[in-house]
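Enquirer: Here are the chains, one letter per residue:
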Amino acid sequence: MKDRFLRYLDERDAYFAKILKLDRRDFLKAATMAAAGVAATGKLNNHSFQPVEVANAAAPEKSFTFAYISDAHLYEKKLNERFIRSILKAIDDVNAMTPQPDFVLFGGDLAQLGKPGELAEGAEILKAVKAPVKMMVGEHDWYLDMGEGWRKHFGKDTYSFDHKGVHFVVLNSVIVEDYWTAPKMTPEERMLAMAQLDNPNGRPFTVGDAQRDWLRGDLAKVKPETPVIVFSHSPLYKMYKPWNFWTDDAEQVQALLAPFKSATVIHGHTHQMLSNKIGNIHFHGMLSTAWPWPYAPQGLPKLTVRMNRADPFDEFDGCGDGHIDVLGGGRVNKNFNFWSRNPIRVSAAYLDSDGTVDLLPRESDVNY
Amino acid sequence: MRITTRRTILGLAAPLCLMALALPLRSDGTGKAGAVEVSLCDGTSTMTIEGLKPGEALPRERAQQTADQMMQIWRQTKGEEAWVAWSDERDQALVRIASTSPEAALAAAAAAQAASPVADQPTKFSARDKMLWAREEKKWIDEGYKLYHSTAWGGTIGISCDMCHPDGANTHPETYPKYQSQLKKVALLRDMINWCIENPGKGKPLAENDPMMRAMEAYILSTRKGVPMEPGKH
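Going down the list, the sequences are from chains A and B.
What the first sequence shows, in the working numbering, is residues 1 to 368, in sequence order.
What the second sequence shows, in the working numbering, is residues 1001 to 1234, in sequence order.
A hint or two may mislead.
What the hints assert, rightly or not - Taking lysine-lysine and the DSS-like style, the derived pairs with C-alpha atoms no more than 25 Å apart in a straight line are:
{"no.": "1", "chain 1": "A", "residue 1": "Lys89", "chain 2": "B", "residue 2": "Lys1202"}
{"no.": "2", "chain 1": "B", "residue 1": "Lys1225", "chain 2": "A", "residue 2": "Lys77"}
{"no.": "3", "chain 1": "A", "residue 1": "Lys78", "chain 2": "B", "residue 2": "Lys1225"}
{"no.": "4", "chain 1": "B", "residue 1": "Lys1202", "chain 2": "A", "residue 2": "Lys115"}
{"no.": "5", "chain 1": "A", "residue 1": "Lys115", "chain 2": "A", "residue 2": "Lys62"}
{"no.": "6", "chain 1": "B", "residue 1": "Lys1204", "chain 2": "A", "residue 2": "Lys78"}
{"no.": "7", "chain 1": "A", "residue 1": "Lys241", "chain 2": "B", "residue 2": "Lys1225"}
{"no.": "8", "chain 1": "A", "residue 1": "Lys62", "chain 2": "A", "residue 2": "Lys241"}
{"no.": "9", "chain 1": "B", "residue 1": "Lys1204", "chain 2": "A", "residue 2": "Lys77"}
{"no.": "10", "chain 1": "B", "residue 1": "Lys1146", "chain 2": "A", "residue 2": "Lys115"}
{"no.": "11", "chain 1": "A", "residue 1": "Lys184", "chain 2": "B", "residue 2": "Lys1146"}
Claimed, not checked - Computed footprint of chain B on chain A, listed as stretches where at least three residues anywhere in the stretch have a Cβ under 8 Å from a Cβ of chain B:
{"no.": "12", "segment": "205–213"}
{"no.": "13", "segment": "283–294"}
It should be emphasised that the hints constitute simulated quantities derived from the structure, not laboratory data.
Note that the coordinates shown come from a computational prediction; the quantities given were computed from them, not determined experimentally.
The C-beta atom is built at its ideal place from N, Cα and C for all residues, glycine as well.
Isolated chain B, as found in the complex (with noise of 0.2 Å):
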């Protein structure tokens, strides 16, 4: 029954909550059947509804009402001066929250954390762990430079990879994926690395987690990795 009073109430109040911020209405319902006593989040200004049989929720309208009621308790025992700063910061609020979208918040923050400087930002990666990753890294690409300068993916006809695409020249990585014409469908880089083995190199196609299909894919990778994208010039 209290939790069920607790509810009703706290649901009329939650506008001016939201509004006033700090003073949010506080509930706290007697149990009493045809009355329930509310306060304030102040925890002194309280008052008794009347008629409320617990379990029961206030209409929209006289919830307002009631919420309206017991600002005005709490205006009389504060004072006007704290009415009218609790006044302003509500009218900013309500302003605040008619004029940013959640999604304009979301890059107004993330532009404040772009524009501190990066020299600041403490990192909990140690040059240990990165020169660990580099040589992780690097030993696929290690692996897949071999790759692509053999035949050991099970080319048939002495064909490797470099023949026509030396440092990976025209496999242009980054474009990926794409609608390729010639297959009629949309092929990602795994697609025209099984295509080079079938047909110029006359090999069986690779699984895609195949190891050396990843290594493929790490070395042509690359090659290309953070180079700015210019289609038809690699």
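Chain A extracted, bound-state conformation (with noise of 0.2 Å):
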């Protein structure tokens, strides 16, 4: 076995090796960390998201940043205070965020059975985020009361609004037909029917028609020029329908956001790092606080690169939240901000030229 300190020079050798290699990606990591060390001495303020420009002629300028969080499926505190503790984890680091995101997403399933208790506890935990929310719904916090506390809390489900020239749409894509009124299923089965991903007998996410007329209504009224940005629960595409990790109108959604010169859909529900593009649209999933989902057996998109399977044994391993930076043109870099791990971008360029620029960190450990 070899000395520690012979081992210790050992690591300090091939630290110094890999700094002379670093590529930009890398200088990013590395900045950040040194950002952090300088943090810990008191003289900035230390948190997840500090901020490390580096000169960067060929993208556009950044015209905003929003941050989200997303699938907290929070059980009621004398319950279960493991998913409390996660968003209050991403909720520090959205307040940390210098300077301030205009807005902060929430990403649906606050909720993870759809209770009254769950519900005001999640809208009382969310009252301490700094920045504006706003507000999407997931099928755990929908199909107890089919979506009347919720509504109650936050409002309506689908909506749209305009900030700082891009059209933003806010949908309800967890819609399934009915299958629990004819088996006498109880508003709590339901739930639990509709809460199992891999249940055998669930039906498929829809957005459906009085919600795409909606959206046909309110595109109307929008220049193909300006950029606009969907928030969708689930992927508006199709990967695996098993899972719900599906819309199955995704294409009647899409071709409404096909004269778009740009499209970008940011959804929940599926708990992992997912990248995609069809046509002009672009596709980012978010990270989940509660817990990271494994990769769908099937259907994964040709541009994602897959996250590193999570460390059980690390509660917040996988798990995170993140900011999307919003460039001049209306394209968004995604940024993964992970709590065990570090962060990771997907930026507008590497969808754009369908993954040859600003490559991904390629999955790692995979036997692990």
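Both chains are sitting in their own frames, so use the hints and assemble them into the complex.
Expert: Right under this line is the structure:
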């Protein structure tokens, strides 16, 4: 066995050798770590969003930034505090951002079983977010009382707004056909069935006719050169139906977005790093604060680089939050802020170039 | 006495019998002091060994001489043609013994069996047998499925297994046993089930033979049964 001091020298040599070979992304990582070191001395505010600017003449200028927190899956505190610790950690992250994000998107599944206590608790916790919060609904919020409690707290589940030249749309993409009335399921049974990802008797998510009509009308007022950013809980494409990593009328929604020069979809539900591009539309998944899902056994988009498998012994690994830098033309750089790993940025250039520039770190330790 | 003599003669005849295959020596002690009569296993050729006391063993060299003399008697009786045929057979046997290890012989037998058409193999199991077994197996898997999708195993904070491992994903049961670096020991699937019960689930670990443990193992294993192993993919 090697002497401890010798091992330290080896590690140090390897470290310095690596520094000489840094590419841009590694430089960012190192700079972030260095900034954290500075912050530890108390000279700076220490948080996960330490801004590190590097010269990048080719990239369009950043227009503004918004943050996200998603898939918190809160139980009532008396039953389970783990997921509460996690959402509070995410709120600390976004509150520590300097400058503050223009707003914070909550990506759905605030509650685990849609209970009034869970929703009330979530609403109370989210009051601690300093920036304005934009709410989106998930199936875990919805199927106990078909959204009644959620709407009481947060208002409409489908809406749009304009911000700094970008048209934002928030959808309820977790509509499924009624499969509970005929077998006389109770609201609780319906909720449990919807909350089970691997439920073999589930139904596919849809945006539905009514919302697509609304969306058509809403987008009719928007010029094609105006960038559009859509928030949906489920991915607005088809990946893996058995887990509802899927929206059944995705193609029809995509057709409504096709006329726009720049359209981007930010979705929750999948609890993992996901990137996709279909036509002019860029898609990005969000991390969950509660737990990471495994990747679906099939249907993974070509441009997705899988994140490393989560370490179950670290309750925060594979979880996190993130922020989205909206660029001048309306495209976005999507930042995954992993709590137990280096952050990863999926840039607009990466998707625009079909994964040939701004490459992502490859998955490693696949046998781990 | 008779028994002892027979054993002695068989001992010296053994190498010859192995080679001769159909012509083993047969001993037939007379019990006379100072001489033992032996006979070949053809039942007719006989010979008396002088000076051998009953209960006494011949030294190896003299035993071989005796066996050779016996075979010469047989050769004179049977004629040259029979002798050549026997010699050929002996030589082939010697070659096979020298060139075939027991392992190779077993492998060759297994290959021959595998090459025979499966459809022609008779089975003693009926469709009813198989149906009953499948039904019993399903009972365990279904029970495991229920536990896996609930906290009936003693979870105290609402978390169930499927919340992180839908359809058993990322439980990769086929990769156990393996060194679990976080536990710093070799883990079996049941060790990880108990780890999940205790840590994310905040329950008490199950005994290894607890029916709930067996059922959960059955369900998790069933999600990967017969699927080729692809580490890191599931």
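Enquirer: Against each hint, give a clear statement of whether it holds in the structure.
Expert: We went through each hint and held it up to the structure:
1. A:Lys89 x B:Lys1202: holds, 21 Å
2. B:Lys1225 x A:Lys77: Answer violated: Lys1225 (chain B) to Lys77 (chain A) is near 39 Å, above 25 Å.
3. A:Lys78 x B:Lys1225: violated, 39 Å
4. B:Lys1202 x A:Lys115: Since the Cα atoms of Lys1202 (chain B) and Lys115 (chain A) sit roughly 22 Å apart, the hinted pair holds (cutoff 25 Å).
5. A:Lys115 x A:Lys62: violated, 40 Å
6. B:Lys1204 x A:Lys78: Within the cut-off at roughly 19 Å; holds.
7. A:Lys241 x B:Lys1225: Judged against 25 Å, a Cα distance of about 22 Å means the pair holds.
8. A:Lys62 x A:Lys241: violated, 36 Å
9. B:Lys1204 x A:Lys77: holds, 21 Å
10. B:Lys1146 x A:Lys115: Given pair Lys1146 (chain B), Lys115 (chain A) holds - Cα atoms ~23 Å apart, limit 25 Å.
11. A:Lys184 x B:Lys1146: Status holds; Cα separation ~21 Å.
12. 205–213: This one is violated; 0 residues, fewer than the three required, reach chain B with a Cβ under 8 Å.
13. 283–294: Coverage by chain B holds here, the residue count being 4 at a Cβ distance below 8 Å.
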